[in-house]
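For reference, the chains in residue letters:
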Amino acid sequence: MNRILREAADTPAIGAAVPRPNGRRLLEGRGRYVDDIALPRMAHVAFLRSPHAHARILAIRAETARGMPGVLDVVTGQDLAETVQPFAGLLVHFKGMKSAQQRCIAVDRAAWQGEPVAAVVAETRRQAEDAAARIEVEYEPLPAVGSLAAAAEPGGMIAQPELGDNVCFTREVEGGDWDRAMAQADLVVERSFRFPRHTGVCPEGRSVIGDWNPADRRLTVHISHQAPHMIQDCYARLLGLSESDVRVVCPDVGGSYGIKTHVYGDELATCALSMRIGRPVKFVADRLESFLSDIHNRDHAVTAKLAVKRDGTILALGYEGTQAIGPYSVYPRTSVVEGNQIANICGQWYRLQGYRAKVRALFTNLAPYSNYRAVGHPVAVGVTEGLVDAAARQIGMDPAEIRRRNLLRDEDFPLQTPSGMKFEGMSHHRCLDTVLRMMDYDSLRADQAEARRRGVYRGIGLASMIEITNPSAMFYGVGGARISAQDGCTVRLEPQGGIMVLHGCGEQGQGTETIFAQVVADAVGVPMGRVRLVTGDTDATPYGGGTWASRGAGVGGEAAWQAGRALRKSILDLAATIHQRDAAQLDIRGGIVVDAATGEQVTDLAEVGRVAYFRPDTLGGVRPELSVTRHYLPTQYAFAFTNGILACHLEVDPDTGFMKLLKFWAVEDCGKVLNPLLVEEQMRGAIVQGIGPTLLEECLYDERGQMLNGSMVDYLVPMAAEMPDMEVAHIETPTRESAIGAKGAGEAGTAGAPAAIMNALNDALSPFGAELTEMPFTPERILRALGKS
Amino acid sequence: MDEEIELAFTLNGKAVRRRVPVRLHAVDLLREVFGLSGPRVACEHGICGACTLRVDGQLARGCLLLAPQLEGTDVWTIEGLTATGEIADLQNEFHARNAMQCGWCTAGMLITAAEILDAPAPMDRQAIREHLSGNYCRCTGYQAIVDAVEATRQARAAGRSAA
Amino acid sequence: MKAAGFRFLRARCVAEALALKAEHGEDARFIAGGQSLVPALNLRLLEPRALIDIAGLPELTGIRVERGRLVIGALTRHAALTGDPLVAAHAPLLLEALPYVAHAAIRNRGTFGGSIALADPAAEWPACCLALDATMVLTGPHAEGERRVPATEFFRGLYATALGPDDLLLRVEIPCQPAGTRNAALELARRHGDFAIVGVAATASDRELKDARIAFFGVADRPMRFAEVERALAVEGVSAAAEALARQVDPPADLYHSAATKRHLAGVLLRRAVDRLRGAA
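First to last, the sequence lines map onto chains U, V and X.
With the first letter of the first sequence counted as 1, position 260 gets the number 1616 in our numbering; the numbers rise by one all the way through.
With the first letter of the second sequence counted as 1, position 110 gets the number 181 in our numbering; the numbers rise by one all the way through.
With the first letter of the third sequence counted as 1, position 57 gets the number 58 in our numbering; the numbers rise by one all the way through.
It is possible that part of the hints are untrue.
[As the list claims (entries may be wrong)] Straight-line C-alpha distance at most 20 Å; calculated SDA-like pairs for lysine to any residue: (1) U:1661 x U:1540; (2) U:2016 x V:198; (3) U:2016 x X:101; (4) U:2019 x X:101; (5) U:2019 x V:196; (6) U:2016 x X:194; (7) U:1778 x U:1766; (8) U:2016 x V:196; (9) U:2016 x X:192; (10) U:2016 x X:195; (11) U:2019 x X:192; (12) U:2016 x X:193; (13) U:2019 x V:197; (14) U:2019 x V:218; (15) U:2019 x V:198; (16) U:2016 x V:197.
FYI, nobody ran anything at the bench for these hints, they're computed from the structure.
Looking at chain U on its own, in the form it has when it is part of the complex (with noise of 0.2 Å):
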């Protein structure tokens, strides 16, 4: 009997809270990451650091290193420098940058503490550990610079003393008409901040498998990492091989968060070691190395002010920061974009008449800088926020009001913000309204009243916010970088009627598999069971960019609606001519193409896969073409920008300047929501990698640059036992850019946690009249703002 079938499909799987279905595998020990692959004759490599932050080496001893048990090669940076081309992170959109030229192991001078200087490749990770450990590297000691106060200072220490200063990018904005904004002015509210230098501590650490066989001349790289074109593309180029030469697969990748988006020397050095050696070698970076060579983010020092009127009138906001980076600017996404994208985007989300903005990024000594989850947005908001909230203390208007007052507005948009960033729509009253509604912030306000008279100091946070996602070539694109804005995805009716679908955004466990299979099941017409995927595969996808900046829903989430309404069009019309009907009357629902006005099932895609691919020569000419891929590249706007507002409830004991965070809110509008179970787990973990470097995480160095607590025993990371529960509410703004809607929902969370929290903190403090803005927020730093340490 045939089905009838009235709706478009029984339940869209767009905009369903769907479950991940490549995540039951992770929950039976069945992922399959980097370190479960072992290919036959596979070899081990481990990588000898520099113990110095800055140093010249002198000379390298391996000899007893070579002859030790299982080793099967062991070589130095000068033994690779012909055969692995240097690189350095340089965008000609960032005009006036400059690097260093970085080699994958360092050539006659560290520039860092834990730069590599020499590897073993053995039989086992334990033998090159053991060779490795014999190896005596002679070295003559630099002068560091240890700090961002260090790159700073003038006439100071150099650290690449051949680009003769620290200075790696600066950037001045300025939007508006300062002048008169200033001039009208009540108050200027001054505050300097400081962000401190942390690093992504991915749960697995780095990994690659470089597999050279030179029977193929062929590369094959398994690693674990977001952007599996940008690593074919710069390793084939680095290594001398063609793109054509060099595979790049990434599997289940344990923790990314913009860590594994880009080129490590170790790690292409791995694969230069197989090529020397004509078998695979795995290199996974153990947690200690993983604290001293995976790229270090923010550690800026920021002084700012806010110009605002009596009665709440925000009018100007001016900026200036450094940020600390490491030796190099690393390749190829460069160390300065976070910078960039403070000038680009702080304090815009309120109605500005006058915006200023100086950024510079200073090379030090310490550990590789760049991107990280939220490029540039916790400082942005951080400031912002910051700014905002003192302004309202000093004018005695509680801190939602002042938003209130001085958000952009619905009829706003579009526009374009004095930092000249276009703004295509945002919901920020609405997003206000809705948070202060599920906080039931005036109960809250009783509450901390009432606390008081007990001793018990609570504070309420806000942080208005908007984040960068959907970025266009012009975030990399336009300066050079081969790195892929557009993305690209094939979806192929399967003879039994499955539907396979190829992406070039992988899955680092957010959940991309799963919206492109909601995206495509709604485009094509079919249960999302029918779909599968394939990610991470450069042998198999279409060429993109991966998964980074929040693109992957928005801008592979489109790609994918594109390529599945194309098949869709394509199967109809097969269907119509097998069935000599007219395609536009017919539709595919659940799987089934049926006549589209009375819903009675004309035929199933089973059996139009068979004929296409079985007896396409009853089709009388016609050649079914049932793949089909798209490409898509946001055009109209560089950047699609979400907004949303957190809030912070929690509590200080004065006595000993702990914290205890009580409850987060977020209401974020991201457009349309593919997924919200996923959407608001992405902002719940995003808020707790904001919260982690707010109040515990910070990379320490001494001032040699030897780093203090490269453990995860020194180095604390959030866990269980003191997070909050976090309430998570949409409002959607859809981008009328692409058909689906979507944008980014992957960094909010981390943007606007730190601003939440230190308006929280020093709303709690009040009463005694202290006020912090150095994060993290330690004890001794709460403490120290009492008087009391």
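Assemble chains V and X onto chain U, guided by the hints.
Relative to the frame of chain U, chains V and X by itself:
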């Protein structure tokens, strides 16, 4: 040459005996010698909990156990606990809430949580959080994990009282 | 990182353990629970040529009461204290401190004696032993049988104790506390289960606090009692005690906390411990 030792123990319900290097910690042993992929390391110094195993009925850090210390023990990994179905309900609750993102911490988190699913005394969310506080997750922010554990505990308690 | 190579030697009795140690000397280390030793091996901070496994020594196990003393075998796992009726009856301070000791997985494998032998200055058990006037019973190759060392003499400096390099801690003996004894174990740590920034383990026979014994941890290179603090508390009260503490305590800074902060926090904990001791028994 690595010193080796003859090692006999029970792994996921089956007696095993193998000659192994003594310096392997339990996770490397289970992965390299026995081909398991559930046990993982993220720190190898006893902080992150990704390596959590059940040894003689109790939680243990796999990276802090040397292979010879497993002699005569009864070791369970996520593979075994999945096969017996003992934590199927917990795995379902994790799945429904996306309490695993990248999945690296998940096996350790499940094994740690399993220990308190049948604890008779009431446990509030903070107590659950404290029990899980030796297991690092970078993706979820922990709430979905706590929700999943709480829901499983409640469902099991309801099942017991109904029985 | 992976541990460097070593031999693994199982001792079946104390005499064998000592003989193996004598044979291998400084190249060998005892391993019990291994919860502190194995990380050091994995990080190659220690590269012993041999490990002597003492986990199977029958002489070092069990919790019992003998002649008015609670005797805790050195191999007693932290978790084994949980719900132990003898501990609850005779040294309930230990149960107050237990929730602060690391995490469940560590408590299941780590040993009471191992923690005391390691003598981390921020650990709970050494301070409890000091507050409870415990005696450590040890043996070694050169000793005539067993040596008994009171807690006050056992902890000698940073990770330094009365244990010689070849000595073995056998058990800890704690005078049984009379019923009605008051106890307080408090600590401040950034995260649940971390080593303490500062902590306090205190006991007193009644709410008058004339005989309070207050041991601090995380404030020096070893657990510390301050006679002047306890005297001031007995004679003048908590404010005087806090002032005495501020004069006496000179904590080393750690990565995140200055000496001044730790001094302040020790004072806060002192007041809170006193409140707890004076509260309902």
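These are the hints, each one checked on the structure:
For a cut-off of 20 Å, the pair hint linking residue 1661 (chain U) to residue 1540 (chain U) stands: about 15 Å separates their Cα positions. For the given pair, residue 2016 (chain U) sits about 15 Å from residue 198 (chain V) by alpha-carbon distance, which is consistent with the 20 Å threshold. For the proposed pair residue 2016 (chain U) and residue 101 (chain X), the alpha carbon gap of about 18 Å is at most 20 Å, so the pair holds. The suggested pairing of residue 2019 (chain U) with residue 101 (chain X) is violated, with an alpha-carbon distance near 24 Å, which exceeds 20 Å.
Of the pairs offered as hints, the one joining residue 2019 (chain U) and residue 196 (chain V) holds, with about 13 Å between alpha carbons and a cut-off of 20 Å not exceeded. Proximity of residue 2016 (chain U) to residue 194 (chain X) is assessed by CA-CA distance (about 16 Å); at most 20 Å being required, the pair is judged to hold. A hinted pair counts as satisfied when its Cα atoms are at most 20 Å apart, and residue 1778 (chain U) with residue 1766 (chain U) qualifies at roughly 14 Å. At roughly 15 Å between alpha-carbon atoms, residue 2016 (chain U) and residue 196 (chain V) fall within 20 Å of each other, so this suggested pair holds.
Restraint check for residue 2016 (chain U) and residue 192 (chain X): satisfied, since their Cα atoms lie roughly 11 Å apart, inside the 20 Å limit. Distance hint between residue 2016 (chain U) and residue 195 (chain X) is fulfilled; the C-alpha atoms sit about 16 Å from each other, no more than 20 Å. A hinted pair counts as satisfied when its Cα atoms are at most 20 Å apart, and residue 2019 (chain U) with residue 192 (chain X) qualifies at roughly 17 Å. Note on residue 2016 (chain U) and residue 193 (chain X): the hinted pairing holds, with a Cα-Cα distance of about 12 Å set against a maximum of 20 Å.
A distance of roughly 13 Å separates the Cα atoms of residue 2019 (chain U) and residue 197 (chain V); the hinted pair therefore holds under the 20 Å criterion. A C-alpha spacing of about 15 Å is found between residue 2019 (chain U) and residue 218 (chain V), which places the hinted pair at or below 20 Å, so the restraint holds. Distance restraint check for residue 2019 (chain U) and residue 198 (chain V): the Cα-Cα separation of roughly 17 Å lies within the 20 Å cut-off, and the hinted pair is therefore satisfied. A hinted pair counts as satisfied when its Cα atoms are at most 20 Å apart, and residue 2016 (chain U) with residue 197 (chain V) qualifies at roughly 12 Å.
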